[in-house]
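Asks: Take a look at the letters that make up each chain.
Number of protein chains: 2
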Amino acid sequence: MSSTPDISAVRSYLLSLQNALCSALEQEDGTAHFHEDTWQRPANGGGGRTRILADGAVFEKAGVAFSHVRGTQLPPSATAHRPELVGRSWEALGVSLVIHPRNPYIPTSHANVRFFHAAPPPNPSPLASRPSPAGAPAPVWWFGGGFDLTPYYGFEDDATHWHRTARDAVSPFGDTLYPRFKKACDNYFFLKHRQEPRGLGGLFFDDFNELGFENSFALTRAVADAFLPAYRPIVARRKSTPFTDRERQFQLYRRGRYVEFNLVWDRGTLFGLQSGGRTESILMSLPPLVRWDYDWHPEPGSPESRLYDVFLKPRDWATG
Amino acid sequence: MSSTPDISAVRSYLLSLQNALCSALEQEDGTAHFHEDTWQRPANGGGGRTRILADGAVFEKAGVAFSHVRGTQLPPSATAHRPELVGRSWEALGVSLVIHPRNPYIPTSHANVRFFHAAPPPNPSPLASRPSPAGAPAPVWWFGGGFDLTPYYGFEDDATHWHRTARDAVSPFGDTLYPRFKKACDNYFFLKHRQEPRGLGGLFFDDFNELGFENSFALTRAVADAFLPAYRPIVARRKSTPFTDRERQFQLYRRGRYVEFNLVWDRGTLFGLQSGGRTESILMSLPPLVRWDYDWHPEPGSPESRLYDVFLKPRDWATG
Chain V
787 MSSTPDISAV RSYLLSLQNA LCSALEQEDG TAHFHEDTWQ RPANGGGGRT RILADGAVFE
847 KAGVAFSHVR GTQLPPSATA HRPELVGRSW EALGVSLVIH PRNPYIPTSH ANVRFFHAAP
907 PPNPSPLASR PSPAGAPAPV WWFGGGFDLT PYYGFEDDAT HWHRTARDAV SPFGDTLYPR
967 FKKACDNYFF LKHRQEPRGL GGLFFDDFNE LGFENSFALT RAVADAFLPA YRPIVARRKS
1027 TPFTDRERQF QLYRRGRYVE FNLVWDRGTL FGLQSGGRTE SILMSLPPLV RWDYDWHPEP
1087 GSPESRLYDV FLKPRDWATG
Chain H
787 MSSTPDISAV RSYLLSLQNA LCSALEQEDG TAHFHEDTWQ RPANGGGGRT RILADGAVFE
847 KAGVAFSHVR GTQLPPSATA HRPELVGRSW EALGVSLVIH PRNPYIPTSH ANVRFFHAAP
907 PPNPSPLASR PSPAGAPAPV WWFGGGFDLT PYYGFEDDAT HWHRTARDAV SPFGDTLYPR
967 FKKACDNYFF LKHRQEPRGL GGLFFDDFNE LGFENSFALT RAVADAFLPA YRPIVARRKS
1027 TPFTDRERQF QLYRRGRYVE FNLVWDRGTL FGLQSGGRTE SILMSLPPLV RWDYDWHPEP
1087 GSPESRLYDV FLKPRDWATG
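The listed protein sequences correspond, in order, to chains V and H. Take any residue in the first sequence, count from 1 to its spot, add 786: that is its number in the working numbering. Take any residue in the second sequence, count from 1 to its spot, add 786: that is its number in the working numbering.
Honestly, the hints are just simulated from the structure, not real lab data. We put the beta carbon where it would ideally sit given N, CA and C, even for glycine. Please note that the accuracy of each hint is not assured.
What the hints assert, rightly or not - To list a few chain V residues with every Cβ distance to chain H over 10 Å, as calculated:
#1 R797
#2 A818
#3 H979
#4 G1042
#5 Q1060
#6 T1065
#7 E1090
#8 Y1094
Stated by the list, open to error - Here are the simulated SDA-like pairs of lysine to any residue, each with C-alpha atoms no more than 25 Å apart in a straight line:
#9 K978(H) to W1082(H)
#10 K978(V) to W1082(H)
#11 K1099(V) to S1061(H)
#12 K978(V) to A1104(H)
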């Protein structure tokens, strides 16, 4: 089992993942197409390709973004707790996806996979690096990723299918991973200021390298590749459900929670905005249309209150 | 000139300010009324009264909130740079206002005044407090406040009127204050991730006690009392301007910037959400309906691009 990180293999996989996601989503939408923007950071700092589908028949907005950025040193905030990263050049690669469907019976979904790599220092200094057992400083790397689902009107069979697909993607890599990643997802996608989960969860992992490079990469691919089998059947079975303005207004209201989470709590969004990332690519996650109503609460017993009572409570959907 | 802080005088003023603002806004709207919620924090921690007007003829949403909260000790983040506050009981009082008009030719506006007071420690300790000249520890207090304007379609005469009213409110208290508060406002209401001002500014001050209590309070009242004369004439002359869906969509799009500023950069919002404030009162500032469009830019030469070219550039409107 090789543990030498292969950045170009990760890059190829991520580019093909973006292609696969976009073409499946275009097929599922049936009418609209992704528009691509490529962008570069100054001074050889990398860049990305952001793809947006807008105003589709099924997807009101979908974004699938690839980025590969690099630098010669990390900001102090990143090295404060990782002194071994001081003075190292680094690269970060990832694909992010956010889908805001038009029909309120289709849940919003989010997926992300990412890889971070810091090279050994070019002139090894005994102060700035820890020697590996062989005497040379080792590279530092990890994977992260996951996906999560945010329904407006929940369905038990959708929730079960989503979580079982997540579980089955991860279980070949060890029995403890699914419960760990599931719990991490529930913990991460939580609006503390409302004491409310963003949705019904899924998978979340970060700083992951414990299986060595090959298997950690394989796990990351397994998660990313499970997104379409997890989400697409849900889209397919809900996209023709008739809805009225009532469901639409509730969808717009609940989308406000998505904005609140992403702008107040999401670490990736905040780090990106505060560190000079490409704003339009970072904020492609925001819904196309959103409403806020002061102190609104669903009527007890209504279909809207079912979201809160049944689906916005962490639960073991996979075995339940 | 007395410098003994009079919290109950501040409280009475703020309550009457809230009444005056709400009744003038109801009058200007002509149809809708404010709905009031009173709320309490646990353990004698104070509370507030939040007033919201929704779906008016002129104002799509207006919020005017009074709060008076207190505690027996400040969080470490608040005392890190102010060791003299350790162990002191404190009170914070304020009125905040945010108005989202329906007509895109009326600008959104925001105003806020606040007072902070930390009592002398009950058992003076030479380590935790600085003795006043008379030997007893002095209370620590300051005022803050201001108002700022966020147009969608700008008008030079509105901008001039707004800033002149601001200048005339402040100038009796010293010649240097207006340029200082105007600049502080431009600096504060700035979206760093877009390198874009939130609007055309106004006044902003904080930690203000340099005129002694009586005059600092008088200055704060002068600012707060200038809000209606600054804003109301603008509302009155724009509220009947006909508009089409084009202006409406641009308004909804630009409201996204308001959300981004408040959730990503506004210190009061973030402190409130992260420290367990009343979420619905804090987020009353969010617009009722908002849109995000990926990488949208106004057509050069269009009325929409005039906002960016003319009004979203800091400028000396008062003398200009």
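Asks: Of all the hints given earlier, name the ones this structure violates by number, lowest first.
Replies: 3, 4, 5, 6, 10 and 12
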